[in-house]
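**Q** For the record, the sequence lines run as chains A and B. With the first sequence counted from 1, adding 81 to any position gets you my numbering. With the second sequence counted from 1, adding 303 to any position gets you my numbering.
Hints should not be assumed to be uniformly reliable.
Footprint (simulated), chain A over chain B, 3 or more residues, beta carbon under 8 Å [claimed, not checked]:
#	stretch
1	315-326
2	345-358
3	361-374
Taking lysine-lysine pairs in the DSS-like style, the calculated list, with each CA pair at most 30 Å apart, reads [said to hold, decoys possible]:
#	chain 1	residue 1	chain 2	residue 2
4	A	259	B	340
5	A	131	A	246
6	A	145	A	247
7	A	86	B	371
8	A	227	A	145
9	A	106	A	131
10	B	371	B	340
11	B	327	B	371
12	A	227	A	259
13	A	86	B	323
14	A	259	A	106
15	B	323	A	247
16	A	86	B	327
17	A	86	A	259
18	A	259	A	131
Bear in mind the hints are in silico, worked out from the structure with no lab data behind them. From a predicted model like this one, the values you see are computed outputs, not experimental measurements. The beta-carbon is built from N, C-alpha and C at its ideal position, and this holds for glycine as well.
Each chain, written out:
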Amino acid sequence: MNEVKPQVSALVNQFGDITGIENIKSPLRLSITPYVSAYLENYPYNQIGKSNNSYSFNGGMDIKYGINESFTLDMTLVPDFGQVQSDNQVLNLSPFEVQFNENRQFFTEGTELFNRAGLFYSRRIGGQPLNYYNAYNQLNEGEYLKENPASSQLINATKVSGRTKKNLGIGIFNSTSKPMFATISDSLGNTQKETRPLSNYTYCFRSSIKNNSYISLINTNVTRNGGDYDANVTGTNFDLLTKKTNMPLMVTPH
Amino acid sequence: MYFSDSTPVLGYKYFVQAGKISGKWQFASNIIVKSDKYDINDLGILFQNNTLETYSSVSYNIFEPVWKIITCILI
Numbered sequence: 082m083n084e085v086k087p088q089v090s091a092l093v094n095q096f097g098d099i100t101g102i103e104n105i106k107s108p109l110r111l112s113i114t115p116y117v118s119a120y121l122e123n124y125p126y127n128q129i130g131k132s133n134n135s136y137s138f139n140g141g142m143d144i145k146y147g148i149n150e151s152f153t154l155d156m157t158l159v160p161d162f163g164q165v166q167s168d169n170q171v172l173n174l175s176p177f178e179v180q181f182n183e184n185r186q187f188f189t190e191g192t193e194l195f196n197r198a199g200l201f202y203s204r205r206i207g208g209q210p211l212n213y214y215n216a217y218n219q220l221n222e223g224e225y226l227k228e229n230p231a232s233s234q235l236i237n238a239t240k241v242s243g244r245t246k247k248n249l250g251i252g253i254f255n256s257t258s259k260p261m262f263a264t265i266s267d268s269l270g271n272t273q274k275e276t277r278p279l280s281n282y283t284y285c286f287r288s289s290i291k292n293n294s295y296i297s298l299i300n301t302n303v304t305r306n307g308g309d310y311d312a313n314v315t316g317t318n319f320d321l322l323t324k325k326t327n328m329p330l331m332v333t334p335h
Numbered sequence: 304m305y306f307s308d309s310t311p312v313l314g315y316k317y318f319v320q321a322g323k324i325s326g327k328w329q330f331a332s333n334i335i336v337k338s339d340k341y342d343i344n345d346l347g348i349l350f351q352n353n354t355l356e357t358y359s360s361v362s363y364n365i366f367e368p369v370w371k372i373i374t375c376i377l378i
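Given the sequences, and given the hints that come with them, work out the whole structure.
**A** This is how it looks when you write it as structure tokens:
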């Protein structure tokens, strides 16, 4: 057993190493979970021309595949998050937006690589459409907002993540969401396009070098179809510790 | 953020920290700068940009047990 010195920073870097474990065969790591769901909702609108019942029928698939000993592929096609715990209602009187917890399993499992550097807030994916408020603000006289979806439907989400023997961690994430539409009514009903297909891409690379130091590179990108803007964020983190693990220099430019 | 047909809006953030993280005397100091155009809210979350923060700390650590106190950190 190693002695844990209280005068040295951190705990895990003082653990001992386990060596000599070899020739362990792993089984095929593959899991496919198709799903079909049907919803019937009844809400007493009691309006003429509007049904109190609404229904939807969904189908999709989750795939988890172990590519090799280091990397795992996770994919979800047309995910249904209908069973995910809903957010608490927050009365927000501050000028800042409310940050909600991530409750969708796909975005909480194995995402520690993506959450480095604080550039990734997974609730943006499938979140509020970009022009959600514009639908209200750009109403003309005699028009009213019939429907304005507050979240977007995902078409797919894919993540590949893992760490090699040489301590190189790589994570790639990609997701596409459907265009969403607000329905605006006047004397003739019409539709307005809301958000475009979103392509969200996160790339994260992290490599351990000597003395628990590391360097990482992160890139996030949002590409929107049509006239809306795209966004890109690039960041790097490095943490340099001296041989005695006592003089760190941390630099995090984004 | 950028539109395909115009010049991009560029912003930056950096965070630098240096210090001594072991031994009896420890110190650290850091600086966080977010520029006025720094906006990561398309895939990240940021409440406020256009800020400059600095922070420094010094501590004296006693690792030998004194009476019933096992470790003592004076900040």
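**Q** Run every hint past the structure and note whether it holds.
**A** Consistency of the hints with the structure:
1. 315-326: Coverage by chain A holds here, the residue count being 12 at a Cβ distance below 8 Å.
2. 345-358: holds (count 6)
3. 361-374: With 3 residues closer than 8 Å to chain A, the stretch 361-374 of chain B meets the three-residue bar; holds.
4. A:259 <-> B:340: OK: residue 259 of chain A and residue 340 of chain B at ~29 Å, within 30 Å.
5. A:131 <-> A:246: 60 Å, violated
6. A:145 <-> A:247: With a Cα-Cα distance of about 24 Å, the restraint between residue 145 of chain A and residue 247 of chain A holds, given a limit of 30 Å.
7. A:86 <-> B:371: Holds, at roughly 19 Å.
8. A:227 <-> A:145: 40 Å, violated
9. A:106 <-> A:131: 60 Å, violated
10. B:371 <-> B:340: Judged against 30 Å, a Cα distance of about 53 Å means the pair is violated.
11. B:327 <-> B:371: Within the cut-off at roughly 19 Å; holds.
12. A:227 <-> A:259: 20 Å, holds
13. A:86 <-> B:323: Holds. Residue 86 of chain A to residue 323 of chain B sits at ~16 Å (cutoff 30 Å).
14. A:259 <-> A:106: At roughly 41 Å apart (the allowed maximum being 30 Å), residue 106 of chain A and residue 259 of chain A break the hint.
15. B:323 <-> A:247: 28 Å, holds
16. A:86 <-> B:327: Answer holds: residue 86 of chain A to residue 327 of chain B is near 12 Å, not above 30 Å.
17. A:86 <-> A:259: Violated, because 54 Å separates the two Cα atoms, which is more than 30 Å.
18. A:259 <-> A:131: Roughly 25 Å between the alpha carbons, so the hint for residue 259 of chain A and residue 131 of chain A holds.
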